[in-house]
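Trainee: What follows is the residue order along each chain.
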Amino acid sequence: MTGNDATAEAMRQIAPDVVTCFPITPQTELMHKFAEHVADGDVDTELVLVESEHSAMSAAVGAAAAGARAMTATAANGLALMWEIVYIAASYRLPIVMPVVNRALSGPINIHCDHSDTMGCRDTGWIQLYSENAQEAYDNTLQALRIAEHPDVLLPVMVTFDGFILSHTAEILEGLEDAEVKDWIGTYEAKYSILNTDDPVTIGPLDLQDYYFEHKRQQVEGMRHAPDVIREIGRAYGELCGRSYDLFEAYRLEDAELAVVALGSTCGTTKVVVDELREQGVKAGLLKIRSFRPFPEAEIAEALGNAKAIGVLDRSISFGAPGGPVHKEIKAALYGTGHEIGIVNYIYGLGGRDMSMNDIKTAFAGLEKVAREGTPDDNIRFLGLRGEGGV
Amino acid sequence: MPGLKQLAEREELMAGGHRACAGCLPMTAMRQILLTAGKDTVSGCSTGCVEVVTTIYPYTAWRNPFIHSAFENSAATMSGVEAAYRSLRRQGRIDKEINFIAMGGDGGTYDIGLQALSGAMERGHNMLYICYDNEAYMNTGIQRSSGTPKGTATSTTPAGKIRQGKKEFPKPLTDIMIAHRIPYVAQATPGYPKDLSDKVEKALSIEGPAFMNILTPCTRGWRYPMEESMDIARLAVDTCFWPIYEVEHGRFKVTRKPKDKRPVSEWLERQGRFSHLFKDKNRHIIDEIQEDTDRNWEWLLKREELTQA
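In order, the protein sequences belong to chains A and B. Numbering of the first sequence is given in the working numbering, commencing with residue 1 and proceeding in unit increments. Numbering of the second sequence is given in the working numbering, commencing with residue 1 and proceeding in unit increments.
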């Protein structure tokens with residue numbers, strides 16, 4: 001199955017009460033597939049085919065406020081258009097699950113993969129789970145529902161997977177049985193529902209100087225509980241089907257001297273490169289981030305503690321900032337740990353530029369020098385870029 | 001259809017003590033709407049005066065369920081609520097009949113929320129959308145909207161040395177909603193409360209989407225003494241500036257035809273926002289408003305004649 005098919009399959013098995021949707025490449029086939037399930041009566045979902053992504057998220061907010069399980073899916077500009085309501089969904093503590101098929105943000109317009117869309121909304125208050133392959137997109141979607149609805153969390157979750165690279169390429173999927181999924185997700189009873197006219201609530205009031213701050217602090221608390229919940233659900237999922245999940249994956253990292261940090265489909269390619277380098281006697285390793293929000297900084301710092309050089313791969317730019325979003329988090333995580341580790345940021349793959357094994361080898365080769373000499377002045381590099389600044 | 005006396009005896013769903021200005025007709029409209037709709041009603045509103053004055057946390061004036069999300073998405077939000085209701089009802093998880101009313105001011109409806117409104121009506125959600133039209137962005141300080149009448153002085157179209165208020169006629173929003181061919185569209189005003197209440201009741205009883213545009217004078221933005229709100233609302237109807245009518249499955253019915261149609265200047269002269277129009281050099285703008293009003297009124301009567309035949 002493709003990443004889109006796998007995610008649509010997870011959605012079929014979840015059979016949300018309400019799905020809202022507006023088409024955008026490369027998410028379209030996910031919704032085509034789900035719409036077929038609706039048309040065939042495989043699911044009894046109310047499919048609301050809205051006139052924009054802004055309305056897709058708005059209607060999802062309305063549905064979730066009514067106590068329904070609500071989902072939507074989008075990419076890039078679609079995510080950007082719903083931005084305002086993405087924040088609102090999180091602040092209303094609505095457990096909406098949204099697959100995001102990563103695509104470069106305009107402009108210039110481009111339909112291919114990078115992470116500028118979801119990285120741009122890393123501070124919206126959503127949990128973000130990144131997927132390495134279609135299997136993970138499927139598994140993450142099933143786990144996302146439980147994470148979002150957990151009473152200690154109650155936050156919306158984005159499940160991301162790389163546009164075209166994962167959304168449109170087929171791989172073998174190990175799916176759960178429908179009955180297993182039904183048991184796994186159980187039923188959801190919202191604490192408050194806008195449909196309860198006997199015990200009416202007001203949702204979304206005006207919150208001024210005397211309460212807004214406290215409510216934002218409560219959102220922090222939900223996010224603070226999330227790491228334990230994500231781990232607990234990842235373990236339970238492993239017991240169910242043999243595929244356990246954690247906040248991140250350490251691949252041959254324990255004794256690694258040269259470590260690459262990445263997320264998304266590039267992690268698969270990086271694992272192959274790590275294996276090759278290991279055969280050549282290079283102590284290479286990978287830290288694959290699954291949960292970027294919440295960001296498990298202490299655990300990541302510990303996992304990277306033995307490295308002599310770290311290369312952080314970013315598939316998006318944070319203009320004017322000291323490096324890409326992942327790079328900044330890794331540096332912040334290592335601050336104060338006492339480890340003086342050389343760090344280089346490799347910005348790569350923007351607008352779907354291919355990330356080959358050779359590119360990743362180039363990154364590791366660069367790290368050997370960093371291990372000897374420490375963080376260089378040119379610590380932000382553009383991997384696979386033609387012309388000035390490219391490596 | 002309940003009479004005013006019966007309405008007055010019903011449970012009050014809009015609590016007193018909210019923060020609206022004295023003489024605020026949007027809030028009078030809300031009260032009339034809720035008394036008609038009853039407690040099994042989910043209401044929602046876009047960002048604006050009504051939302052602001054009724055929901056300052058930790059208080060709420062809504063004794064029925066209420067949701068606010070953002071400025072441009074009242075219709076989209078309520079379409080999600082209504083879709084959830086349909087789903088849960090089909091699953092047997094809820095069995096009550098519930099009304100769904102999404103609302104927005106003219107800014108949230110004529111302008112920034114028009115797309116979401118059009119989408120929700122086209123999709124056929126069983127909900128009533130109500131625009132409480134006070135003819136400008138009042139909550140942010142009286143800026144012009146596309147529903148603001150020609151010649152109006154607002155904060156962004158002030159009467160100055162070379163410009164004399166808003167240049168354009170208002171967008172014909174009610175006509176745009178009629179063109180959506182939804183089952184029910186109406187104009188009303190709380191100045192004629194029985195008419196408003198009857199229309200809300202009818203709109204809620206009809207299966208499918210309904211739209212009402214309710215003229216709600218604003219004492220601050222229109223600049224008239226607060227105790228005159230109801231008079232100003234009625235005069236808008238009696239001058240035919242704001243005809244009250246309904247379009248049910250395509251058939252027009254004018255629900256009030258003034259016996260003595262007053263010149264529109266009688267309505268304009270009572271409002272400070274039009275005072276500059278009464279200078280000699282601007283009188284032609286009043287003439288233009290009168291001509292436009294007459295043309296609209298004649299066209300409305302013609303459509304009634306055509307569709308009632």
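Calculated from the structure, these hints are not laboratory results. All of these numbers come straight from a predicted model, not from anything done at the bench. Hints may be right or wrong, so weigh each one.
In silico DSBU-like pairs for lysine-lysine, Cα to Cα no more than 30 Å straight-line [unchecked claim]:
1. A:Lys331 <-> A:Lys283
2. A:Lys191 <-> B:Lys96
3. B:Lys167 <-> A:Lys191
Trainee: Give a verdict on every hint.
Mentor: Hint-by-hint comparison with the structure:
1. Of the supplied pair hints, the one linking Lys331 of chain A and Lys283 of chain A holds, its CA atoms being roughly 21 Å apart against a limit of 30 Å.
2. Distance hint between Lys191 of chain A and Lys96 of chain B is fulfilled; the C-alpha atoms sit about 19 Å from each other, no more than 30 Å.
3. Proximity of Lys167 of chain B to Lys191 of chain A is assessed by CA-CA distance (about 51 Å); at most 30 Å being required, the pair is judged violated.
The structure is inconsistent with hint 3 alone, although it conforms to all the rest.
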